Amino acid sequence: MRIELVVNGEPREADVWAGESLLTTLREQLELPGSKNACEQGECGSCSVLLDGQLVCACLVLAAQADGHEVVTVEGLAEGGRLHRVQEAFVEAGAVQCGFCTPGLVVATAALLDRSPEPSDDEVREALSGNLCRCTGYAKIFDAVRAAAAAGAS
Amino acid sequence: MSAPARRELERGRVGETVRRSDAVPKVAGEFAYASDLHAAGMLWGHTVRSPHAHALVHAIDTAKALAMPGVHAVLTHEDVPGEKRYGLEFRDQPVLAFERVRYFGEPVAVVAAEHPEQARRAAEQVRVEYEPLDPITDPERAHEQPPMHPQSWTQGHGYRDDPRPNVLRSIVIRHGDPDAEGDVSVTGTYELGIQDQAFLGPESGLAVPDGEGGVDVYVATQWLHVDRDQVAPCLGLPAEQVRIHLAGVGGAFGGREDLSMQIHGAMLALRTNRPVRFVYNREESFVGHIHRHPARIRMEHRANSDGKLVCVHATILLDGGAYASSSTAVISNAASFACGPYAVPNALVEATCVYTNNPPCGAMRGFGSVQSCFAHEGQMDRLAAALELDPVEVRLRNALAPGDVLPTGQRVTGSLPVADVIRRTAALPLPAPEELPRDPIRLPGGAGNTTRGEGVRRGVGFALGFKNICYSEGFDDYCAARVRLFAEADGGLAAEIHSAAAEVGQGVAGVMEQVARTELGLDDVVLAPHTTATVDSAGSSSASRQTWMSAGAVRLACLAVKEELERRGGSLAPGEEIDLERVYRHVRTYPLDPDTGQVVGGDRAHVAFACSAMRVVVEVDVELGLTRVVWIGTVQDVGRAVNPQAVYGQIEGGTAQGLGLALMEEIQTKDGLITNASFTDYLIPTALDMPPVVSELVEEPEPDAPYGVKGVGEPPTVVSTAAIVAALRDATGRELTRVPVRPDDICL
Numbered sequence: 025m026r027i028e029l030v031v032n033g034e035p036r037e038a039d040v041w042a043g044e045s046l047l048t049t050l051r052e053q054l055e056l057p058g059s060k061n062a063c064e065q066g067e068c069g070s071c072s073v074l075l076d077g078q079l080v081c082a083c084l085v086l087a088a089q090a091d092g093h094e095v096v097t098v099e100g101l102a103e104g105g106r107l108h109r110v111q112e113a114f115v116e117a118g119a120v121q122c123g124f125c126t127p128g129l130v131v132a133t134a135a136l137l138d139r140s141p142e143p144s145d146d147e148v149r150e151a152l153s154g155n156l157c158r159c160t161g162y163a164k165i166f167d168a169v170r171a172a173a174a175a176g177a178s
Numbered sequence: 005m006s007a008p009a010r011r012e013l014e015r016g017r018v019g020e021t022v023r024r025s026d027a028v029p030k031v032a033g034e035f036a037y038a039s040d041l042h043a044a045g046m047l048w049g050h051t052v053r054s055p056h057a058h059a060l061v062h063a064i065d066t067a068k069a070l071a072m073p074g075v076h077a078v079l080t081h082e083d084v085p086g087e088k089r090y091g092l093e094f095r096d097q098p099v100l101a102f103e104r105v106r107y108f109g110e111p112v113a114v115v116a117a118e119h120p121e122q123a124r125r126a127a128e129q130v131r132v133e134y135e136p137l138d139p140i141t142d143p144e145r146a147h148e149q150p151p152m153h154p155q156s157w158t159q160g161h162g163y164r165d166d167p168r169p170n171v172l173r174s175i176v177i178r179h180g181d182p183d184a185e186g187d188v189s190v191t192g193t194y195e196l197g198i199q200d201q202a203f204l205g206p207e208s209g210l211a212v213p214d215g216e217g218g219v220d221v222y223v224a225t226q227w228l229h230v231d232r233d234q235v236a237p238c239l240g241l242p243a244e245q246v247r248i249h250l251a252g253v254g255g256a257f258g259g260r261e262d263l264s265m266q267i268h269g270a271m272l273a274l275r276t277n278r279p280v281r282f283v284y285n286r287e288e289s290f291v292g293h294i295h296r297h298p299a300r301i302r303m304e305h306r307a308n309s310d311g312k313l314v315c316v317h318a319t320i321l322l323d324g325g326a327y328a329s330s331s332t333a334v335i336s337n338a339a340s341f342a343c344g345p346y347a348v349p350n351a352l353v354e355a356t357c358v359y360t361n362n363p364p365c366g367a368m369r370g371f372g373s374v375q376s377c378f379a380h381e382g383q384m385d386r387l388a389a390a391l392e393l394d395p396v397e398v399r400l401r402n403a404l405a406p407g408d409v410l411p412t413g414q415r416v417t418g419s420l421p422v423a424d425v426i427r428r429t430a431a432l433p434l435p436a437p438e439e440l441p442r443d444p445i446r447l448p449g450g451a452g453n454t455t456r457g458e459g460v461r462r463g464v465g466f467a468l469g470f471k472n473i474c475y476s477e478g479f480d481d482y483c484a485a486r487v488r489l490f491a492e493a494d495g496g497l498a499a500e501i502h503s504a505a506a507e508v509g510q511g512v513a514g515v516m517e518q519v520a521r522t523e524l525g526l527d528d529v530v531l532a533p534h535t536t537a538t539v540d541s542a543g544s545s546s547a548s549r550q551t552w553m554s555a556g557a558v559r560l561a562c563l564a565v566k567e568e569l570e571r572r573g574g575s576l577a578p579g580e581e582i583d584l585e586r587v588y589r590h591v592r593t594y595p596l597d598p599d600t601g602q603v604v605g606g607d608r609a610h611v612a613f614a615c616s617a618m619r620v621v622v623e624v625d626v627e628l629g630l631t632r633v634v635w636i637g638t639v640q641d642v643g644r645a646v647n648p649q650a651v652y653g654q655i656e657g658g659t660a661q662g663l664g665l666a667l668m669e670e671i672q673t674k675d676g677l678i679t680n681a682s683f684t685d686y687l688i689p690t691a692l693d694m695p696p697v698v699s700e701l702v703e704e705p706e707p708d709a710p711y712g713v714k715g716v717g718e719p720p721t722v723v724s725t726a727a728i729v730a731a732l733r734d735a736t737g738r739e740l741t742r743v744p745v746r747p748d749d750i751c752l
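Protein sequence lines, in the order shown, are assigned to chains A and B.
Quick note on our numbering: the first sequence kicks off at 25 and runs consecutively.
Quick note on our numbering: the second sequence kicks off at 5 and runs consecutively.
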């Protein structure tokens, strides 16, 4: 079936099969492989995207459900060639090692700071507990979130 | 941070915190991982896997699958063009199963089709006639069962002669007088479950035929050249017709040392003359790589009343699963480090790794030392209790130091600041107990809101561990690097590094750039893609060796380039270049005597060592069996930190993996079949599980290493499981001799 959706501000179309996830459509058809495929069952958060502004796992959304909706992926966070402040903070804090979890964490952090610009440490831990990272032990990710929040406040 | 400051941080020298050059593409979603690759005309590969842990294979019928729409090839063992078996150290593993399957998930056939769904559905239609056999699943009884590998692949390589069936390797280390008695004796038996590397980037790759009979494979791996040297013989091709290129690696931790899709992809690409892409899903990934060996370890520690160790006996059993992988080296490490970083005058270590039909095991961060550390640290706490001494004091009184002799007869030379690491860790201030009431997220059970703190007890634990840096026992590999110095259009000099060292997330790419900037005094240094095509082997990104080895190789190449530059008068004309490759080798190591386990032929079996100590505070809800790790403090011996921010990152991440093994991570099996192959059922630590980790570095340069560096990835994983369980014992009073610790184990 054909679907039409807006991805990172651009109208896009795709021909999808009934069982295809939004993640597969983004990665394999729309040339947006930034959203990652670590578990494809909603446990790891590596495919986190915004669907009409809501943080979702793209692997748990059927492509067909996204028909007529708006999606923002990690590729859509930077504006005018400048990294989003969350992306910048992840780079500076050393929050990136293998980086496979990073796109999902960046999107989840951006969503968190949108709804709670100055989150407490416990709030950050809870908000990001759906995003698995195997490399960092999360410490530098927390540093990055605090730095991004501070950058947003200034 | 402003742009100029960032640029400074990207130009750092050895010893300075440097931003990763791959961090910007990674945060932007633009970094190409192995699972992101596309090529024009690409087909999708899929693997048919055994549903049995042990079965005879009588027939494979591919006709129905081959006739399905979009299917271009279905290949079995009959289609393997060259050697039918491969292996990291012993060629014991079929490329595609023939005659029998020996583990759940073993590859039997591979399919290539236009669409991934077509490939998956075709794979379901491959008819395999199996005759299930009783699986060997009890490692204690494996030697009583018929041999899984009658060819005894691992025998005859200078190891101890052990004729028992299914013994992959056994080691006996006799040191001093193993009959020596002390004033007190403590014994314990410790068990560890199977841990998975659970790297987030699933096994993936793209194989592209070159049109001339050769193939290029783009894959996430840890050692490009050893992949090539396994792939080429199975394809019946000379090595130069098989080029392995590093695709973006989504974590490794040992799990990418063995092959996954490399040969299968290349076979399909050569058969169809089309690029073929494989992307495993998470369930498949759990059978797509080897795991950490489950272990059963019995130890007896004898000591005098002053706390000094007199004698240690250790019996170690590791379950290697169906194929050898790197098990012969893992069991050697488990034996070598069984006594921990302590001066032990007498010892008897008997270590055995067996073949079974359980999931194959091999390398994982810590590599045999994790298992031994959990046991010897449990013992040191028992000894402290028996002698009514402080656990830290017992460790200090026995701390290994340069000049001491290890149970293998090797005298410790170089840097090993065990006592310093212990003292500094013990001096880290503990957090004050938190008041009640508090937000449930800071109680055991967390957001589950299961307690208000009534049954919560606090515990503090301490542990110490060490392991080797680089490969051991005479497996003396080397590391090559090429440096090309050239003049840019404006006359300025710039350099390009060629290295096959796998960047797996640990940051070795940045290390090489820092070394080249330091040695050449240049800012403009770039790293060419990692490949077998343009440079010799760098060896494996494992064994905490790659920072040491690659720093050594890049340094040598830079020195040679500088010397040549001076010979040419100190400058290059535009278009002129100097391009030199150099090989770095570490100090030579020697094997262990097969009868005594003593190093023979030279002074050492191991190149160098690194140690780490850790102190942990936990809270346990003893009514519900729930835990919360409150705080972790650690001090690690790192030689010299090349990039301090990255070193702290390795310590924090390595600690998290040990926390996982202590509290939640175990591959569960029933009759050899994995029953929890998903992140729903195999849990790894989340942001809520990890406490703050306070870490400090001991920088005592290793004299044999370039810049004094030591690898830093493994020691935190070695020690953290033991330290966390020590804290749980303190909180509960339970013996807790098995990890992961389950709620039932700690309910009082």
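The set of hints was computed from the structure by calculation and includes no laboratory data.
Since this is a predicted model, take the numbers as computed values, not measurements.
You may find that some hints are simply not true.
Residues of chain A placed beyond 10 Å of chain B at every Cβ, according to the derived structure [claimed, not checked]: (1) M25; (2) V30; (3) L56; (4) Q78; (5) A88; (6) G118; (7) T126; (8) P127; (9) D146; (10) R149.
Computed footprint of chain A on chain B; a stretch qualifies when at least three of its residues, placed anywhere within it, have a C-beta under 8 Å from a C-beta of chain A [said to hold, decoys possible]: (11) 22-32; (12) 441-449; (13) 479-485; (14) 558-571.
Note that the Cβ used here is the ideal one computed from N, Cα and C, for glycine as well.
Hints versus structure:
1. M25: M25 of chain A is indeed farther than 10 Å from all Cβ atoms of chain B, at 15 Å.
2. V30: It holds; V30 of chain A is separated from chain B by about 18 Å at its closest Cβ, greater than 10 Å.
3. L56: 8 Å, violated
4. Q78: 19 Å, holds
5. A88: Since the minimum Cβ distance to chain B is about 15 Å, A88 of chain A lies beyond 10 Å and the statement holds.
6. G118: G118 of chain A not clear of chain B: closest Cβ-Cβ about 4 Å, inside 10 Å.
7. T126: Given that some Cβ of chain B is not farther than 10 Å from that of T126 of chain A, nearest at about 5 Å, it is violated.
8. P127: 5 Å, violated
9. D146: 5 Å, violated
10. R149: For R149 of chain A, whose nearest Cβ neighbour in chain B is about 5 Å away, the distance does not exceed 10 Å, so it is violated.
11. 22-32: holds (count 8)
12. 441-449: Answer holds; 3 residues pass the 8 Å Cβ test.
13. 479-485: violated (count 0)
14. 558-571: With 0 residues closer than 8 Å to chain A, the segment 558-571 of chain B misses the three-residue bar; violated.
Hints 3, 6, 7, 8, 9, 10, 13 and 14 from the list above are not met by this structure, while the remaining hints are.
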